[in-house]
Amino acid sequence: NAGVTQTPKFRILKIGQSMTLQCTQDMNHNYMYWYRQDPGMGLKLIYYSVGAGITDKGEVPNGYNVSRSTTEDFPLRLELAAPSQTSVYFCASSYPGLAGGPYEQYFGPGTRLTVT
Amino acid sequence: GEDVEQSLFLSVREGDSSVINCTYTDSSSTYLYWYKQEPGAGLQLLTYIFSNMDMKQDQRLTVLLNKKDKHLSLRIADTQTGDSAIYFCAAFFSGGYNKLIFGAGTRLAVHP
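In the order they appear, the protein sequences are chains F and V. Quick note on our numbering: the first sequence kicks off at -12 and runs consecutively. Quick note on our numbering: the second sequence kicks off at 92 and runs consecutively.
These aren't lab readings, by the way, just hints derived from the structure by calculation. In this text the structure is predicted, and so the values were computed from the model without any measurement. We put the beta carbon where it would ideally sit given N, CA and C, even for glycine. Keep in mind that the hints are not guaranteed to be accurate.
[Unchecked claim] Covered stretches of chain V (chain F as the covering partner; in silico rule of three or more C-beta atoms under 8 Å from a C-beta of chain F):
#: 1; stretch: 131 to 139
#: 2; stretch: 165 to 177
[Said to hold, decoys possible] Computed far set for chain V versus chain F, every beta-carbon distance over 12 Å:
#: 3; residue: L101
#: 4; residue: K159
#: 5; residue: S185
[Stated by the list, open to error] Calculated cross-link-like contacts (lysine to any residue; reagent style SDA-like; alpha-carbon spacing at most 25 Å):
#: 6; chain 1: F; residue 1: K31; chain 2: V; residue 2: T172
#: 7; chain 1: V; residue 1: K158; chain 2: V; residue 2: A132
#: 8; chain 1: V; residue 1: K158; chain 2: V; residue 2: T114
#: 9; chain 1: F; residue 1: K31; chain 2: V; residue 2: E105
#: 10; chain 1: F; residue 1: K44; chain 2: V; residue 2: S164
All chains should be built: construct the whole structure from the sequences, respecting the hints.
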């Protein structure tokens, strides 16, 4: 099992450019998440998906879009990149979580994005 | 609203115990978690505690939960340089969709 993989590891974008951050998991998890991590701010949820074809906004969705055409893949699209989107982006996946059992999110290694 | 708070830095000497503290706002959280993030890596689950427990011990790790005060702590005994990392407290919320609310993370620095 590779777990959760993300590409690229690093990227520098110019203001106004677009890019897609890739995320793939091989654990057959229903739930997938995109977070951004800013220094001293913890993780903020951008978008999440509860299954193929179903996505919804998290806390900070502006400037981003997602799609979920398969169980395995959950790409995050940045349109018109802005300096405020400079951050480290983490993808995570999980089972839904059952009553009486712990709920664990598995994280990818992250993508460090700089917008200048 | 839902919030998780923790102090940002902790510095300890190698061999001492480390205690990282966390407070959360929603008393309905059924599970509380500690994640560890090493430099340049993603978060990995370290341990968790169910809300009907007061304490959980796992080798060098001890988790204490005070549900009345909504306070969670992680104690690392005999702290080693390999324990240097950022430690995130997280609370599980099931309203609407299952999610974790993370604290800002505590950076633990272990010095000789």
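Right, here's what the structure says about each hint:
1. 131 to 139: It holds: at least three residues are needed, and the stretch 131 to 139 of chain V offers 7 whose Cβ sits within less than 8 Å of chain F.
2. 165 to 177: violated (count 0)
3. L101: holds (14 Å)
4. K159: holds (22 Å)
5. S185: Violated, since 7 Å does not exceed 12 Å.
6. F:K31 to V:T172: Roughly 29 Å between the alpha carbons, so the hint for F:K31 and V:T172 is violated.
7. V:K158 to V:A132: Roughly 31 Å between the alpha carbons, so the hint for V:K158 and V:A132 is violated.
8. V:K158 to V:T114: holds (10 Å)
9. F:K31 to V:E105: Given pair F:K31, V:E105 is violated - Cα atoms ~32 Å apart, limit 25 Å.
10. F:K44 to V:S164: violated (31 Å)
Comparing the model with each earlier hint shows violations of hints 2, 5, 6, 7, 9 and 10; every other hint is respected.
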